[in-house]
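Asks: FYI, in this note's numbering the residues of the sequence shown are 15 to 129.
Derived from the structure by calculation, the hints contain no laboratory data.
We put the CB at the ideal spot given by N, CA and C, even for glycine.
Zero decoy hints are in this set.
Here are the in silico distance ranges between beta carbons for each label pair:
id: 1; residue 1: Glu71; residue 2: Arg92; range: 11 to 21 angstroms
id: 2; residue 1: Ser102; residue 2: Ala41; range: 35 to 45 angstroms
id: 3; residue 1: Leu98; residue 2: Leu64; range: 20 to 30 angstroms
id: 4; residue 1: Ala74; residue 2: Trp38; range: 12 to 22 angstroms
id: 5; residue 1: Gly63; residue 2: Leu118; range: 39 to 49 angstroms
id: 6; residue 1: Thr79; residue 2: Ala39; range: 22 to 32 angstroms
id: 7; residue 1: Pro30; residue 2: Phe59; range: 17 to 27 angstroms
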Amino acid sequence: SVAQRVGLFAATVLWPLVQKRLRWALAGGDAGVLMGASAQDHQGFRRQGLRALSAVEYLAELASTINLLIFLKDGVARSAHERLLGISLKTVEPFSERLVHVELLSRYLVWNTVA
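Starting from the given sequences, assemble the full structure and let the hints guide the process.
Replies: Laid out in structure tokens, this is it:
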């Protein structure tokens, strides 16, 4: 559905961008975030923001770990956001060949190792 697509986009594209930007801003990369506030207020805000961001990142990692254990048991939903959004992979043609040639896979692995 459209909501699942938007959720998947938000989880895989938007969240990493927002997370990186927030970490940069809270680490002091954007000094103009709180114009008019004192330096002590800036430090307190940054410290609280970094704690909150770290907590959210920890919860996301915990959800991924729990999902991995469930995935190993059931074999459904490869990632936590797929499980939360109810996304599952379905075959378009059930009897189509799904074998990847070993030579192509070897080239891909070698290329990624070298690059």
